[in-house]
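4 protein chains.
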Amino acid sequence: MVGIAVLGAGRIGKIHAANVAANPNARLIAVADPYASAAQALAGALGADAMTDCEAAIDRDDVDAIVIGTPTNTHIQLMMRAVRQGKAVLCEKPIDLDLLKSQAAAEEIESLKGRVMLAFNRRFETTFAEMRAAIDAGDIGEVRQVIISSRDPGLAPEDYIKHSGGIFRDMTIHDLDIGRWLLGEEPVQLTAIGSRLIDPAMMEKYDDYDTAMVQMQTASGKQCHINNCRQAVYGYDQRIEVFGSKGMLQMDNLRPTTIRRWSAEVTDAREPLLNFFLERYQQAYKSELDAFVGALVDGKPLPVTPNDGLQALRLAEAAVESVRTGRAVAL
Amino acid sequence: MVGIAVLGAGRIGKIHAANVAANPNARLIAVADPYASAAQALAGALGADAMTDCEAAIDRDDVDAIVIGTPTNTHIQLMMRAVRQGKAVLCEKPIDLDLLKSQAAAEEIESLKGRVMLAFNRRFETTFAEMRAAIDAGDIGEVRQVIISSRDPGLAPEDYIKHSGGIFRDMTIHDLDIGRWLLGEEPVQLTAIGSRLIDPAMMEKYDDYDTAMVQMQTASGKQCHINNCRQAVYGYDQRIEVFGSKGMLQMDNLRPTTIRRWSAEVTDAREPLLNFFLERYQQAYKSELDAFVGALVDGKPLPVTPNDGLQALRLAEAAVESVRTGRAVAL
Amino acid sequence: MVGIAVLGAGRIGKIHAANVAANPNARLIAVADPYASAAQALAGALGADAMTDCEAAIDRDDVDAIVIGTPTNTHIQLMMRAVRQGKAVLCEKPIDLDLLKSQAAAEEIESLKGRVMLAFNRRFETTFAEMRAAIDAGDIGEVRQVIISSRDPGLAPEDYIKHSGGIFRDMTIHDLDIGRWLLGEEPVQLTAIGSRLIDPAMMEKYDDYDTAMVQMQTASGKQCHINNCRQAVYGYDQRIEVFGSKGMLQMDNLRPTTIRRWSAEVTDAREPLLNFFLERYQQAYKSELDAFVGALVDGKPLPVTPNDGLQALRLAEAAVESVRTGRAVAL
Amino acid sequence: MVGIAVLGAGRIGKIHAANVAANPNARLIAVADPYASAAQALAGALGADAMTDCEAAIDRDDVDAIVIGTPTNTHIQLMMRAVRQGKAVLCEKPIDLDLLKSQAAAEEIESLKGRVMLAFNRRFETTFAEMRAAIDAGDIGEVRQVIISSRDPGLAPEDYIKHSGGIFRDMTIHDLDIGRWLLGEEPVQLTAIGSRLIDPAMMEKYDDYDTAMVQMQTASGKQCHINNCRQAVYGYDQRIEVFGSKGMLQMDNLRPTTIRRWSAEVTDAREPLLNFFLERYQQAYKSELDAFVGALVDGKPLPVTPNDGLQALRLAEAAVESVRTGRAVAL
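Residue numbers (my numbering), protein chains in the order written: chain A, 10 to 340; chain B, 10 to 340; chain C, 10 to 340; chain D, 10 to 340.
Think of the hints as simulated: they come from the structure by calculation, not from any bench.
Where is the CB? At the ideal position from N, CA and C, for every residue including glycine.
Take these hints with a grain of salt, some might be off.
To be verified - Result set (PhoX-like, lysine-lysine): computed pairs, CA atoms no more than 20 Å apart in a straight line:
#1 B:Lys-309 x B:Lys-295
#2 D:Lys-295 x B:Lys-295
#3 A:Lys-122 x A:Lys-110
#4 C:Lys-214 x A:Lys-295
#5 B:Lys-110 x B:Lys-122
#6 D:Lys-214 x D:Lys-102
Said to hold, decoys possible - Residues of chain B placed beyond 12 Å of chain D at every Cβ, according to the derived structure:
#7 Ala-47
#8 Asp-58
#9 Glu-119
#10 Arg-323
Please build the complete structure, drawing on both the sequences and the hints.
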């Protein structure tokens, strides 16, 4: 039985806490959040202790592992405190918005043989996982091209955009991780383009983009394309295509029902997509937490490492640079 | 080179005449229609002789075969005249609306070893033909159930309904033929239901139905369901499913383009279906004519026989009786 | 808070018990099953009392409602005991395999104003529910035809077939209920055909069928077709089409992932279907239990009544009679 | 009636000649090809004069327009001869593999007010045309991203590759044209990557690539991605997605039939795609020729100009440079 404290009682903390509570090999010891009422509401509903001091939660003897769902700028401090005490960590991405700080943290974790798992939850979604397994099984031969379409349902509010780190570090980073993971090799060259098509004034203000494309290539010549947009009227669009020497795999979106509608205007019409990531990746969050607990129980390596977070951030940085310079970036 | 006269210069005659003209092994000798202007327009456009006397067209020495696209009540007379002269016939279905007359004609054709092909054109449509071939190849094992959905885009005008012979003899008969053909065995029992849901007054007036279902079974237990409606707002609906011991085949509708539309209201939406049978079965009419000419040139048996027309009409009669009596009809 | 005892600790009891435990307005008081070890295992895992006497579980003061998941021949006795004590009941279908006994029970329940809900769980599946809601909203105008395809993944073992009551009372009954529910009117005529195509010897032995079709019609002329088979190699096939005057709704199957595979042999290929009803209707079982508890908490009528069970059984009886006599059955 | 000579009796010339013959407003005067037997076979079958001298065919008084389907290095000479005589030209792409020569030709055509149409036939395919029309109609609001997938069924033989001008000038050029056309604005920046994944030795030998991606952007920020591969085991893959502010349009591939196959291994599986461009764009070639003749008859501007050919070639050149330098290319 793994004793777990969830740090952060916001929307992501709520999901993790519920998944901890539902895992038969884990026990939710505490929920910690500086906002006492949020911590109490969540901890109370799940029969755990409510705390306002995250560090104190880490230090508890009955806490073997922590799940970090706090703001990004607190990640490193909390993560390293746990690592230094030999406790396992599941940390929301990114490690930090700053590449050098992230790198330093990753190095210290490695030197301490710390057990830290980065929460790239999509890897645990059933269809993503099945695609990776099908590639490993040789179903499509050698991977040649990975095409990732990833569009948000609606533009986030200004307050979110302001602190997001920009589209590449905040949104594209998930697709960069999936791209690396499906390519099965490190990209060596990357080009990105960014546009301001939805709210040019706000994007200008924060030196950000709302619409982007990334193109990258590995040393052996495998290629990956990513397209992003901060707003798609038809819902949260998440599709992937992996094209290989012996075939192709395509991942479609999820919708609430399987209904197809026919009328005088349309045939075969489906409904808009699941609205956003909490619904779309509900199962992924659960499987991710279960994989974390399972690896701890079995003493096996954690399935996503700080290095994965570092590499994704490095690619995001290259995308930022590529847009700024109008050049391809060698990695 | 097969010399062919097309009898009837209406919409179906036009299609047949154009297909004759395009067939490299056939020569369109004449188009005959009591309406001189219709005959002249069609014959002129295709470089054939225009005639107003169908019988005289049959009798011409340079005519080896005739294609009958005249009103149903003239079919037997024209067909038998050609048969007695040893000429081949491609005749629009049905032979006649009267089963006994049809039977007598079929018997005489057989005794004269006449070469007559009934125009059940759907059998020649690419997808229908491929389904039959896949069944023959054993792809789905033993056929267990055939499900046929067949709905017209809009209710025909009263003048058509009045002379149609009723939904079962006019519309369902195509599906009854396809059902027999895909089952690969003769049905031994049939039940039908008919409803008046679109224009009850008109249907009542002609003792007809606008919405129908048929259920039938062969001696070995293979089953077939047919559903029909005289009006589908989304277009001419033609779908088939053949379920077998090792798998299933499904035939989808055709649409003008492959576009899928996504908006705030719908995703994956396709356009309405091809409007009606002339568009939907355009290729089938051509392949049917080519099969007719091909069999004549090669001296091979014609691929659809008068007996096929007779059996389909027998099933249609049984459907009429089943609706009238509220009983299953043994065949 | 509704105190609930689950009677029966088999596979269906396990599902109900877990759903009771997960419902915030219900408390799982006891699990009762003559097999002590089964009761103990299930009750223990969910923190409830294990009992071997179902009647004693009903009689407990802290039990407000029972969920019956015991063998069919015990349903009426347990249900009526609870009703007589004023306790609410969610009972697996059917009430009983015997129509007269079921009718008597339904009448007594009505005279006692008993609160009994029949577990036609499919009505609570998201897509089914959305289809009914779309019809109610007028999205497809007047319903004309309902087409239900429902095929099991594999033939049940002989021991199951022997006690099943036959394909119509055991399997088709679900589709008959859905047919009635989507038609929105009572059928007045029904015809059925049954075949022995998978295991003729076993089917002969139990006077049963493995492949069946049903066709029925309401007084206003709405039509319904059902096709069933005890074995589909591609998985548990559950599809529905509702065709109306203004459009059509189609329900597709569920699959584990959204992957489409392309190779030299196939394109756009999806994986086999979810294997069977426990996986396919997992969400439906939960929503059904939640609807039961919700109605009790809100003091609203239960959403599926004993009369619904009775009507479905009546239709199943008519199907049996139709196959036996080869006739349409007036209802 | 437009008198037309078709220059070149190869596979593309055959298609054009048949389409000329079938067009009611055009007359096929001559087929010219240095290979006398090829010219004779084609001209004979369609009732036209066979010639071996292409220039003499252009010079004929009864020839109003020419269709050029000869090798690329003869395009400019033949085209300009016709233009100088005031005759209309439909010329297979590209004008020339050399950008400067192409530019000079385009300028001369403009100064002579020559009527030249470049054969970017895809623009005339029903679905492509409908997508452009839907964009024009405002169906998806402002275009944001265009995603083009375009993969050949199999690697062309060495002799073809050797003379092709490389993947970007030979294959991608079609997608670059479609990208420009759907974006509705000129790209101002382009990046390309090229890989040698299928036959590295042959690709190395000709300094060519078999797998490529292109990413481009217009001044207003609209984005376009193209992916190409010289070999896709599942057939000739031609898909497009246009994502806009109010929705999205997707174009699917064409297949020979609409059959979907279900088995123990797969469900919903479709067959491999139409093999290659002659089958896939059969209708497009016909509509293109009809549009050419129609514009001549109506005295309207030709729908694809030499400038379109020039711009596509300029983009292809930029792609070559981008791969060579590893940089984004400003246009």
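- prompt: Are all C-beta atoms of chain D more than 12 Å from that of Glu-119 (chain B)?
  reply: Per Cβ check, Glu-119 (chain B) is outside 12 Å of chain D; nearest 34 Å; holds.
- prompt: If you draw a straight line from the CA of Lys-295 (chain D) to the CA of Lys-295 (chain B), is it 20 Å or shorter?
  reply: holds (19 Å)
query: Does the no-contact call for Arg-323 (chain B) survive, Cβ to all of chain D over 12 Å?
result: holds (30 Å)
- request: Decide if the proposed pair is consistent with the structure: Lys-214 (chain C) and Lys-295 (chain A), CA atoms, cutoff 20 Å inclusive.
  value: violated (48 Å)
task: Verify the proposed pairing of Lys-110 (chain B) with Lys-122 (chain B), using a straight-line Cα cut of 20 Å.
output: holds (18 Å)
query: Is the Cβ of Ala-47 (chain B) more than 12 Å away from each Cβ in chain D?
result: holds (20 Å)
- prompt: Was Asp-58 (chain B) rightly flagged as not at the interface, with every chain D Cβ beyond 12 Å?
  reply: The assertion about Asp-58 (chain B) holds, with a minimum of 21 Å to chain D.
query: Do the alpha carbons of Lys-214 (chain D) and Lys-102 (chain D) lie within 20 Å of each other, as the hint requires?
result: Not OK: Lys-214 (chain D) and Lys-102 (chain D) at ~25 Å, beyond 20 Å, violated.
- prompt: Does the structure keep Lys-309 (chain B) and Lys-295 (chain B) at a Cα separation of 20 Å or less?
  reply: Given pair Lys-309 (chain B), Lys-295 (chain B) holds - Cα atoms ~19 Å apart, limit 20 Å.
- request: Could you grab the alpha-carbon distance between Lys-122 (chain A) and Lys-110 (chain A) and see if it respects the 20 Å cut-off?
  value: Holds, because 18 Å separates the two Cα atoms, which is no more than 20 Å.
When held up to the earlier numbered hints, the structure conflicts with 4, 6 and fits the remainder.
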